[in-house]
Amino acid sequence: MAIDRNNLAELLETQAHILKELKSLKYGDQNANLAAKAADFVVSMIGSWKFLVCQSILLIIWIVINIYSNSGWDQYPFILLNLMLSFQAAYSSPLILMASNRTAERDRERAADAYRSIEHIERMLDSMAAHMADSSNKEDGSHG
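Numbering (this note's numbering), first residue to last: 1 to 144.
One should not assume that every hint holds.
To be verified - Restraint-style ranges between C-beta atoms, simulated for each label pair:
no. : residue 1 : residue 2 : range
1   : A16       : A104      : 46 to 54 Å
2   : V64       : F87       : 18 to 26 Å
3   : S93       : A129      : 48 to 56 Å
4   : S93       : W73       : 23 to 31 Å
5   : A114      : D134      : 41 to 49 Å
6   : E13       : A114      : 15 to 23 Å
7   : T14       : F87       : 48 to 56 Å
8   : Y76       : F51       : 19 to 27 Å
9   : S69       : P94       : 42 to 50 Å
None of these hints come from the bench; they were simulated from the model. On a predicted model such as this, the values are computed, not experimentally measured, just so you know. Think of the CB as a built atom: it goes at the ideal place given N, C-alpha and C, for glycine as much as any other residue.
Please put together the full structure from these sequences, using the hints given.
So this is what it looks like as structure tokens:
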């Protein structure tokens, strides 16, 4: 069975081109507005160990100052601290959901692009297999 080198080279070139395009795409960024990008940035900061450690240190400092200071601005039961943490939770939850929705959108775009690429490669392989089968049948007919 003879392999058509032109079809094989074309298939490999097409596959390399598709993979290169897929790697270079920036999913979701072309439609992102400033608020969506800000949400992504804030969520990336909130979801880090650095934020968790810094916030924990600030909370400990707040509590220690207000417990051991005679003129603390937020005495026990720390109503101002509770209010600030409530505001943080109220604003961070929607930001996390916005970032999550953008991530899901980017994942859907990646999956759709990958599916289209796979379909294209399958068509090329089917075409090459049909061509190879025709070549094989012609060779068998000429030798038989």
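For each hint, the structure was consulted:
no. : hint                      : in the structure
1   : A16 <-> A104: 46 to 54 Å  : 29 Å, violated
2   : V64 <-> F87: 18 to 26 Å   : 22 Å, holds
3   : S93 <-> A129: 48 to 56 Å  : 53 Å, holds
4   : S93 <-> W73: 23 to 31 Å   : 27 Å, holds
5   : A114 <-> D134: 41 to 49 Å : 30 Å, violated
6   : E13 <-> A114: 15 to 23 Å  : 19 Å, holds
7   : T14 <-> F87: 48 to 56 Å   : 54 Å, holds
8   : Y76 <-> F51: 19 to 27 Å   : 26 Å, holds
9   : S69 <-> P94: 42 to 50 Å   : 35 Å, violated
Going down the numbered hints, you'll see the structure goes against 1, 5 and 9, while the others check out.
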